[in-house]
Amino acid sequence: MIALLELHQVSLGQRLRPVSLTIRAEERVVLLGASGAGKTTLLNLCNGSLRPEAGTIRWKGYPLQGLKRQQRRCIGTLWQDLRLIDELSVIQNINSGALGRHGLLWAIRNLLGRLEPKVCLELMKEVQLEPALLMRNIQDLSGGQRQRVALARLLRQMPELVLADEPLSALDPPLAKDVLDILLTLPSCVISLHRPELMHRFDRVLGLRNGELVLDASPETVNRQVLEELFAR
Amino acid sequence: MRPALPLIPLIPGLCLVPMGLILFGDVHGGGLPLLCSFAAAALHPSLEPSVLVGVAMGIRITLVVTLVSWGISSVLGCLLGVLGSKKIWRLWAGITWPALMLRKGLAPLRAVHELIWGLLLLQILGLNGWVAIIAIVIPYTVLLARVIADQIDCQEPPALPALQSSGASAVSVLLTVVVPAVAHPVLDHINHRLDCALRSSLILGVFGLGGLGTDLMLSLQSLRFQEVWTGLWLMAITMVLMDRVLRLFRHRWWMTPIPLVLALMTAGLGSSLTLELPWPNPQLWPFWNAQINGVQALAAVAEVNWPVVIASTLSITLMATCVSTALPPMLLLLWPSAWSLPLQSLIWGALRLIPPPLSALLLLVVAKPSLSLAALALGLHHGGVMGRVFIDDLQRERHHTTGMLKACGASARMSWLYGPLARVSRPYLAYATYRMDVILRDTAVVGLVGGAGLGWQLLEALSSFHWWLVLWLVGGSALLTLLGENLSERLQSCWNSRAMAL
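Note that the protein sequences, when read in sequence, are chains A and B.
With the first letter of the first sequence counted as 1, position 100 gets the number 100 in this note's numbering; the numbers rise by one all the way through.
With the first letter of the second sequence counted as 1, position 295 gets the number 295 in this note's numbering; the numbers rise by one all the way through.
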């Protein structure tokens with residue numbers, strides 16, 4: 001399996017101590033840790049929205065900060081606060097995931113509502129959103145619906161690697177299961193969770209405590225004692 | 001096809017195409033060397049001591065007029081604002097009709113532009129500094145009163161019914177609940193009026209009422225561009241300093257009374273130094289001596305081709321609003337980066353600095369007079385004001401979505417279009433509709449130099465002492481402004497946002 005993302009001695013002050021790890025293609029990784037352990041910081045470093053103070057991050061061998069915009073779209077993020085565009089409709093939000101593959105004219109056509117809705121409707125079906133919501137303003141949606149719009153936008157981006165920050169935190173159990181099922185159909189992902197009982201659905205477990213990577217193992221080897229230590233205050 | 005919110009501020013930019021075509025047809029090369037030498041003089045302003053002293057004197061008078069008119073209008077506006085609030089009257093006496101009567105009675109005073117007030121007062125008081133001050137005080141007081149009354153009436157503090165049911169007196173309720181709720185936006189607005197007062201006193205000066213505006217106009221007419229730029233640069237420094245002070249007070253709104261007191265002290269000093277106020281001479285009052293003649297009055301109405309005059313005024317307003325609204329987002333998308341914002345601010349500052357009559361005169365050097373030219377001059381000046389509001393809004397926003405869009409691989413231009421521009425569009429458009437109302441009043445200013453609209457007709461009537469026509473034109477202008485104000489309020493509620501606090 002080829003290496004997608006390589007972190008070498010990456011650190012960011014007290015928020016993240018030096019970390020080295022490699023995420024490979026077709027690998028499903030769960031990131032565990034208590035609140036404030038550094039999970040969001042690590043994911044934001046991986047998608048390039050934070051710059052490390054030290055160390056290097058490479059995407060398929062190229063420095064992450066030097067990637068062209070067409071290459072950047074290969075890393076998709078499902079943000080904890082969703083980062084939807086409140087002023088736009090559902091279809092316009094979903095299509096915003098594909099901006100990296102298109103030019104300015106396409107972006108303007110999307111804002112004018114002149115794009116074919118077929119792709120978006122298929123994605124909405126996949127994430128179990130009613131087609132009737134297609135033209136609705138994003139502010140009129142419930143929390144769960146907004147979460148699914150963010151997921152549809154991520155799928156529209158067609159990334160090679162997905163980084164998801166607490167994607168199940170605000171969802172009821174049936175919906176959380178559906179969202180996780182969809183995320184795990186994607187080729188490669190790193191998902192931060194508060195729920196260790198779900199780790200068996202992943203290939204690899206990473207554990208952070210106080211900004212330090214203290215666990216990197218397969219789920220079968222992680223026992224209850226290890227988890228208690230990981231989440232200990 | 002229904003354009004999404006971030007595209008709407010850009011759509012008015014389409015009017016630049018027909019305007020450009022008209023202006024291209026009107027351009028003549030004869031004035032181009034003059035325009036070039038004007039631009040070149042920006043880098044070589046005159047530094048002769050006599051010029052510097054003259055400009056400093058001009059700025060002093062402009063500042064005195066600004067501070068005094070701002071101080072007086074702020075105090076009077078607060079008093080009238082309280083009296084014009086329906087909520088206050090309901091608290092005091094259980095009735096609202098006095099507030100409504102006061103509002104209706106004051107509205108025509110607000111509708112007449114300060115320049116028209118200045119030209120009318122010039123006929124009554126003769127040429128002295130108080131003409132400019134009173135001309136600014138009248139509309140500004142009434143405008144502030146309206147803002148304060150609206151602010152008080154639209155606030156619904158949860159503690160209000162609780163205090164009323166506890167038997168507290170009207171004054172106690174006012175001081176405990178209403179004043180703290182409105183203090184912040186009202187004081188922000190009072191601060192904003194200082195900037196407006198500075199620009200108004202500059203424009204009044206351009207039309208001969210003293211101060212730097214007069215110096216700039218005289219220098220421009222005698223083609224002494226280096227002297228013009230000395231004045232403009234010093235004025236720019238003054239504006240930047242004033243802006244810094246206002247920003248300081250924006251975060252410490254409770255300190256606003258300090259500059260207000262300083263302004264009133266300046267009023268005292270100003271009146272004792274240079275601004276003697278003579279008792280108005282009734283002999284100078286045009287209407288005092290005019291014989292009331294109904295036939296003459298009615299005949300004067302027919303002298304104006306009202307449909308053409310009103311249509312030209314509305315055309316200028318519409319085109320100038322489109323230009324001023326579209327320019328800031330267009331520049332942002334041409335130059336989409338966070339570090340360009342300070343440079344864009346400089347451009348908007350430069351456009352605000354040059355009063356519309358001066359920019360109209362400069363444009364007249366290279367093009368024939370037309371409605372498009374008048375609209376461009378007005379649009380560029382108001383574009384400066386809109387640009388400032390736009391940049392302020394952008395800098396206040398947290399740009400989470402920009403990061404998300406960049407992470408998706410969107411280009412910088414797309415990220416700004418979908419991110420910050422989408423975020424600020426609603427309040428920006430609300431402000432643009434308010435600005436349209438201001439531009440409608442300001443058409444009088446370019447009308448006076450551009451040869452179009454009500455402003456030009458008014459100047460003609462004043463020059464020929466045709467007082468009945470003056471009366472009709474002022475009345476027509478006031479009516480048009482009030483209608484525009486009404487339309488602007490409706491549009492603002494369309495955007496679910498009020499521009500009052502700006």
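Mixed in with the good hints there might be a few duds.
Some, not all, of what chain B presents toward chain A, calculated at C-beta under 8 Å [unchecked claim]: (1) Ala4; (2) Leu5; (3) Arg60; (4) Trp97; (5) Arg224; (6) Thr401; (7) Leu405; (8) Ala407; (9) Gly409; (10) Ser411; (11) Ser425.
Simulated from the structure, these hints should not be mistaken for laboratory data.
The beta-carbon is built from N, C-alpha and C at its ideal position, and this holds for glycine as well.
So, as I understand it, the hint says B:Ala407 touches chain A; can you test that by seeing if any CB pair is closer than 8 Å? Check passed: Cβ of B:Ala407 comes within 5 Å of chain A, closer than 8 Å.
So, B:Leu5 near chain A? Judge it on the closest CB pair being under 8 Å. holds, 4 Å
When the nearest CB of chain A is found for B:Ala4, is that gap smaller than 8 Å? Holds: closest Cβ of chain A sits about 4 Å from B:Ala4, inside 8 Å.
Can you verify the interface hint for B:Gly409: is its Cβ closer than 8 Å to any Cβ in chain A? Hint holds; B:Gly409 Cβ to chain A Cβ min 2 Å, cut 8 Å.
Would the hint on B:Leu405 be counted as holding, given a Cβ-Cβ threshold of 8 Å to chain A? At 6 Å from the nearest chain A Cβ, B:Leu405 passes the 8 Å test, so the hint holds.
The hint names B:Arg224 as touching chain A; please verify it with the least Cβ-Cβ distance against 8 Å. violated, 46 Å
Restraint: B:Trp97 near chain A, CB-CB cut 8 Å. Satisfied or not? violated, 40 Å
Should the hint that B:Arg60 touches chain A count as held when the rule is a Cβ pair under 8 Å? At 47 Å from the nearest chain A Cβ, B:Arg60 fails the 8 Å test, so the hint is violated.
Under the criterion of a CB-CB separation shorter than 8 Å, is B:Ser425 in contact with chain A as hinted? Holds, about 7 Å.
Go through the hint on B:Ser411 and say holds or violated, using the shortest Cβ distance to chain A against 8 Å. Holds: closest Cβ of chain A sits about 6 Å from B:Ser411, inside 8 Å.
Restraint outcome when B:Thr401 is required to lie within 8 Å of chain A by C-beta distance: holds, 6 Å
The earlier numbered hints that this structure contradicts are 3, 4, 5.
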